[in-house]
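Participant: Chain by chain, the residues run as shown.
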Amino acid sequence: MRATVNGEQVELPEGLTVAGLLQHLGFKAERIAVERNGQVVKKARHGEEPVQADDVLEIVTFVGGG
Amino acid sequence: MDKLVLGGREFSSRLVVGTGKYKDFPTMKAALEASGAEMVTVAVRRLDLAAKGEASLLHWIPKQMLLLPNTAGCFNAEDAVRTCRLARELQLGGENPLVKLEVLSDPKTLLPDVEETIKAARQLVSEGFRVLPYTNDDPVAARKLEEAGCAAVMPLGAPIGSGLGLRNPYSLQMILEQAKVPVIVDAGVGTASDCAICMEMGVAGLLVNTAISGAKDPVAMARAIALATEAGRLAFVAGRIPRKLYGSASSPIGGVIGS
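From first to last, the protein sequence lines stand for chains A and B. Letter by letter, the first sequence follows residues 319 to 384 of our numbering. Letter by letter, the second sequence follows residues 1083 to 1341 of our numbering.
Any given hint could be a false lead.
[To be verified] For each label pair, taking beta carbons as the anchor points, the in silico distance ranges come out as:
no., chain 1, residue 1, chain 2, residue 2, range
1, A, 355, B, 1090, 47 to 53 angstroms
2, B, 1208, A, 332, 34 to 40 angstroms
3, B, 1193, A, 344, 38 to 44 angstroms
4, B, 1090, A, 322, 36 to 42 angstroms
5, A, 322, B, 1284, 45 to 51 angstroms
6, B, 1262, A, 355, 35 to 41 angstroms
7, B, 1146, A, 335, 32 to 38 angstroms
8, B, 1208, A, 335, 26 to 32 angstroms
9, B, 1146, A, 368, 37 to 43 angstroms
10, A, 320, B, 1158, 23 to 29 angstroms
11, B, 1299, A, 322, 41 to 47 angstroms
12, B, 1161, A, 346, 24 to 30 angstroms
13, A, 368, B, 1229, 41 to 47 angstroms
[To be verified] Think about it this way: if two alpha-carbon atoms lie no more than 27 angstroms apart in a straight line, the pair counts; the simulated DSS-like pairs of lysine-lysine are:
no., chain 1, residue 1, chain 2, residue 2
14, B, 1085, A, 346
15, A, 360, B, 1145
16, A, 346, B, 1145
17, A, 361, B, 1145
18, B, 1103, A, 346
19, B, 1111, A, 346
20, A, 346, A, 361
[As the list claims (entries may be wrong)] Negatives, chain B to chain A, calculated, CB over 12 angstroms:
no., residue
21, 1191
22, 1325
23, 1341
No lab work stands behind these hints, which were simulated from the structure alone. For glycine and all other residues, C-beta sits at the position ideal for the given N, C-alpha and C.
Hey, can you work out the whole structure from these sequences and the hints?
Facilitator: And the structure:
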């Protein structure tokens, strides 16, 4: 299936959860926040929240800024 | 003690510093420490899908420093609100309910879009955020942001990163006269004296990034800016003498020899 992750179209396996997606993409950083279709997915729900075809996901962290 | 209170939190230092545009993390860490700041701003950005496990900013921010997430780079209220929600999630439920709200209008001047800022502020306040909004040096905008429930107002001294210092002290004076929340000058500081000038006017605090990170020696500049901020505050509390057009002798007029 295809979904949009951080503005890029990516091909993903079926049946992923948000936690599975982060693993699939290789993200290990301790501070990651995920928004799925405009709604924040709380960390406690990463293991159950599904990722579906045509989802729009934003995966963010803190960077330097003023 | 003369503390800065923001959204129910007390700060001994009246300086908030940014973490952007340092040449490397060790320099940033040394500068943050030299600044004596207790709160530092951070931005929220997409993780790079190609770069995994890169060095994390947070490892280089001293542990005792509170993070103040910003909405830098947002050009409308909706993106700013979404960014704050993600920032809250990044803080694992919210060590700090304070957010720096910044909604820009134009990439060249980086001047704020006040209309969108006020809209975002209302929404964020209703969601429990303690909002510190970057705004124009406009007393009307400052009043509206205060009425929206913001925990402070943060007028610019000059455009972000311009280093032009306080360009309109009279507008700032009007904002200071009317505001019932702390006024923090955010943006425009170029060097230490700009900090002292703002603080002497009675500003509650300062937010500084480029003046430190862009200095030839950021660590020394951080210290200079910390000292100027403290000096300016002390001078404000001490109460300066009125300005007079003519001289006024410091030594007695009478008793001069040969008179």
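Participant: Hint by hint, say whether it matches the structure.
Facilitator: Now the hints, each set against the structure:
One distance hint, 47 to 53 angstroms for the beta-carbon pair residue 355 (chain A) and residue 1090 (chain B), is violated here, with the actual separation near 34 angstroms. Taking 34 to 40 angstroms as the suggested C-beta distance range, the pair residue 1208 (chain B) and residue 332 (chain A) conforms, at roughly 38 angstroms. Our hint of 38 to 44 angstroms for residue 1193 (chain B) and residue 344 (chain A) holds, since their Cβ atoms are close to 39 angstroms apart. At about 39 angstroms, the beta-carbon gap between residue 1090 (chain B) and residue 322 (chain A) stays in the expected band of 36 to 42 angstroms.
At roughly 49 angstroms, the beta carbons of residue 322 (chain A) and residue 1284 (chain B) sit within the given window of 45 to 51 angstroms. Checked against the hint of 35 to 41 angstroms, the C-beta distance between residue 1262 (chain B) and residue 355 (chain A) comes to roughly 40 angstroms, which is consistent with it. Distance hint check for residue 1146 (chain B) and residue 335 (chain A): the Cβ-Cβ separation is about 36 angstroms, which falls inside the suggested range of 32 to 38 angstroms. A beta carbon spacing of about 31 angstroms between residue 1208 (chain B) and residue 335 (chain A) agrees with the range 26 to 32 angstroms that was offered as a hint.
Against the hinted window of 37 to 43 angstroms, the Cβ-Cβ separation of residue 1146 (chain B) and residue 368 (chain A) comes to about 39 angstroms, which satisfies the hint. One distance hint, 23 to 29 angstroms for the beta-carbon pair residue 320 (chain A) and residue 1158 (chain B), holds here, with the actual separation near 27 angstroms. Between residue 1299 (chain B) and residue 322 (chain A) the C-beta distance comes to about 44 angstroms, which sits within the given range of 41 to 47 angstroms. The given range of 24 to 30 angstroms is respected by residue 1161 (chain B) and residue 346 (chain A), whose C-beta atoms sit roughly 27 angstroms from each other.
A hinted range of 41 to 47 angstroms for the beta carbons of residue 368 (chain A) and residue 1229 (chain B) is consistent with their spacing of about 42 angstroms. About 39 angstroms separates the Cα atoms of residue 1085 (chain B) and residue 346 (chain A), which puts this hinted pair outside 27 angstroms; it is violated. For a cut-off of 27 angstroms, the pair hint linking residue 360 (chain A) to residue 1145 (chain B) stands: about 24 angstroms separates their Cα positions. With a C-alpha separation of about 21 angstroms, the suggested pairing of residue 346 (chain A) with residue 1145 (chain B) holds against the 27 angstroms cut-off.
For the hint linking residue 361 (chain A) to residue 1145 (chain B), the alpha-carbon distance of about 22 angstroms falls within 27 angstroms, and the restraint holds. About 25 angstroms separates the Cα atoms of residue 1103 (chain B) and residue 346 (chain A), which keeps this hinted pair within 27 angstroms; it holds. Taken as a hint, the residue 1111 (chain B) and residue 346 (chain A) pair is honoured in the structure, with Cα atoms around 23 angstroms apart against an allowance of 27 angstroms. About 13 angstroms separates the Cα atoms of residue 346 (chain A) and residue 361 (chain A), which keeps this hinted pair within 27 angstroms; it holds.
With a cut of 12 angstroms on Cβ distances, residue 1191 (chain B) stays outside the contact zone with chain A, its closest approach being about 16 angstroms. No beta-carbon of chain A is positioned within 12 angstroms of the beta-carbon of residue 1325 (chain B); the least distance is around 34 angstroms. Every CB of chain A lies more than 12 angstroms from the CB of residue 1341 (chain B), the least distance being 61 angstroms, so the non-interface label holds.
Checked against the numbered hints given earlier, the structure breaks hints 1, 14 and satisfies all the rest.
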